[in-house]
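Protein chains in written order, with our numbering: chain A, 1 to 112; chain B, 1 to 118.
If you are wondering where the hints come from, they were derived from the structure by calculation, not from laboratory data.
Predicted, not measured: the structure shown is a model, and the values here were computed from it.
Heads up, a few of these hints could be off.
[Stated by the list, open to error] For lysine-lysine, the following DSS-like pairs were computed, each having C-alpha atoms within a straight-line distance of at most 25 Å:
{"hint": "1", "chain 1": "A", "residue 1": "K51", "chain 2": "B", "residue 2": "K54"}
{"hint": "2", "chain 1": "B", "residue 1": "K78", "chain 2": "B", "residue 2": "K54"}
{"hint": "3", "chain 1": "B", "residue 1": "K41", "chain 2": "B", "residue 2": "K15"}
{"hint": "4", "chain 1": "B", "residue 1": "K78", "chain 2": "B", "residue 2": "K51"}
{"hint": "5", "chain 1": "B", "residue 1": "K104", "chain 2": "A", "residue 2": "K70"}
{"hint": "6", "chain 1": "B", "residue 1": "K78", "chain 2": "B", "residue 2": "K44"}
{"hint": "7", "chain 1": "B", "residue 1": "K44", "chain 2": "B", "residue 2": "K15"}
{"hint": "8", "chain 1": "B", "residue 1": "K44", "chain 2": "B", "residue 2": "K54"}
{"hint": "9", "chain 1": "B", "residue 1": "K54", "chain 2": "B", "residue 2": "K104"}
{"hint": "10", "chain 1": "B", "residue 1": "K44", "chain 2": "A", "residue 2": "K70"}
{"hint": "11", "chain 1": "B", "residue 1": "K104", "chain 2": "B", "residue 2": "K78"}
{"hint": "12", "chain 1": "A", "residue 1": "K70", "chain 2": "B", "residue 2": "K15"}
[Claimed, not checked] Here are the computed distance ranges between Cβ atoms for each label pair:
{"hint": "13", "chain 1": "A", "residue 1": "L45", "chain 2": "B", "residue 2": "F7", "range": "16 to 24 Å"}
{"hint": "14", "chain 1": "A", "residue 1": "S57", "chain 2": "B", "residue 2": "F7", "range": "21 to 29 Å"}
{"hint": "15", "chain 1": "B", "residue 1": "Q17", "chain 2": "A", "residue 2": "Q3", "range": "31 to 39 Å"}
{"hint": "16", "chain 1": "A", "residue 1": "G40", "chain 2": "B", "residue 2": "T20", "range": "31 to 39 Å"}
{"hint": "17", "chain 1": "B", "residue 1": "V12", "chain 2": "A", "residue 2": "D18", "range": "24 to 32 Å"}
Just so you know, even glycine gets a beta-carbon here, dropped at the ideal spot from N, CA and C.
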Amino acid sequence: GQQLNQSPQSMFIQEGEDVSMNCTSSSIFNTWLWYKQDPGEGPVLLIALYKAGELTSNGRLTAQFGITRKDSFLNISASIPSDVGIYFCAGAPRDYGQNFVFGPGTRLSVLP
Amino acid sequence: EAGVTQFPSHSVIEKGQTVTLRCDPISGHDNLYWYRRVMGKEIKFLLHFVKESKQDESGMPNNRFLAERTGGTYSTLKVQPAELEDSGVYFCASSQGLGLNRAKNIQYFGAGTRLSVL
Numbered sequence: 001g002q003q004l005n006q007s008p009q010s011m012f013i014q015e016g017e018d019v020s021m022n023c024t025s026s027s028i029f030n031t032w033l034w035y036k037q038d039p040g041e042g043p044v045l046l047i048a049l050y051k052a053g054e055l056t057s058n059g060r061l062t063a064q065f066g067i068t069r070k071d072s073f074l075n076i077s078a079s080i081p082s083d084v085g086i087y088f089c090a091g092a093p094r095d096y097g098q099n100f101v102f103g104p105g106t107r108l109s110v111l112p
Numbered sequence: 001e002a003g004v005t006q007f008p009s010h011s012v013i014e015k016g017q018t019v020t021l022r023c024d025p026i027s028g029h030d031n032l033y034w035y036r037r038v039m040g041k042e043i044k045f046l047l048h049f050v051k052e053s054k055q056d057e058s059g060m061p062n063n064r065f066l067a068e069r070t071g072g073t074y075s076t077l078k079v080q081p082a083e084l085e086d087s088g089v090y091f092c093a094s095s096q097g098l099g100l101n102r103a104k105n106i107q108y109f110g111a112g113t114r115l116s117v118l
């Protein structure tokens, strides 16, 4: 079946640093989503991408929908302690009426 | 407006017992999804309801899992009998609709039920 790979699996960074993580697939997706999960909570949507090449920002977060439709990246600038959590990418293979495929997540730790 | 709520937040049961998880979607959301995350792995799709009908149950692991959504409002997921490998976090999500407006397809998640089978 369709699978998403996320890298890195985990990362430790200093507060104030920029972060970059990505998500790749062997098949094409028509929608990419980035979610963040805080401990004890459910995933919360950060950014949704609908077109190849699209670059979208949400505060300190920026995400891009890869031109090949097989990847996406998420950048976080000037990290702060509350950025700690697990970041999941999710992809939808069709435009509508489909279920999302999730990656295994990137666990981010921010050191003060 | 209330988000997706799940109950219980934690459940610890013994192998062979039965557990029922409940999900209340966002009011007005016709689409309801169940997912499961086993330790350290991806969030895996279990099934999808549109109102009270099962649209896709291809992710259900086996016939020990039974999901219902009577009346098209809240949903329950029953595991009977539970096995050790059923442990994990069960998430429920809901979305407003399906169609060409992809913004309506965005799924909003509950906090999950952490199930531990001993």
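The hints, checked one at a time:
| no. | hint | verdict |
| --- | --- | --- |
| 1 | A:K51 - B:K54 | violated (29 Å) |
| 2 | B:K78 - B:K54 | holds (15 Å) |
| 3 | B:K41 - B:K15 | holds (22 Å) |
| 4 | B:K78 - B:K51 | holds (18 Å) |
| 5 | B:K104 - A:K70 | holds (23 Å) |
| 6 | B:K78 - B:K44 | holds (17 Å) |
| 7 | B:K44 - B:K15 | holds (22 Å) |
| 8 | B:K44 - B:K54 | holds (17 Å) |
| 9 | B:K54 - B:K104 | holds (19 Å) |
| 10 | B:K44 - A:K70 | holds (19 Å) |
| 11 | B:K104 - B:K78 | violated (28 Å) |
| 12 | A:K70 - B:K15 | violated (41 Å) |
| 13 | A:L45 - B:F7: 16 to 24 Å | holds (22 Å) |
| 14 | A:S57 - B:F7: 21 to 29 Å | violated (36 Å) |
| 15 | B:Q17 - A:Q3: 31 to 39 Å | holds (33 Å) |
| 16 | A:G40 - B:T20: 31 to 39 Å | violated (21 Å) |
| 17 | B:V12 - A:D18: 24 to 32 Å | violated (41 Å) |
When each numbered hint is compared with the structure, violations occur for hints 1, 11, 12, 14, 16, 17.
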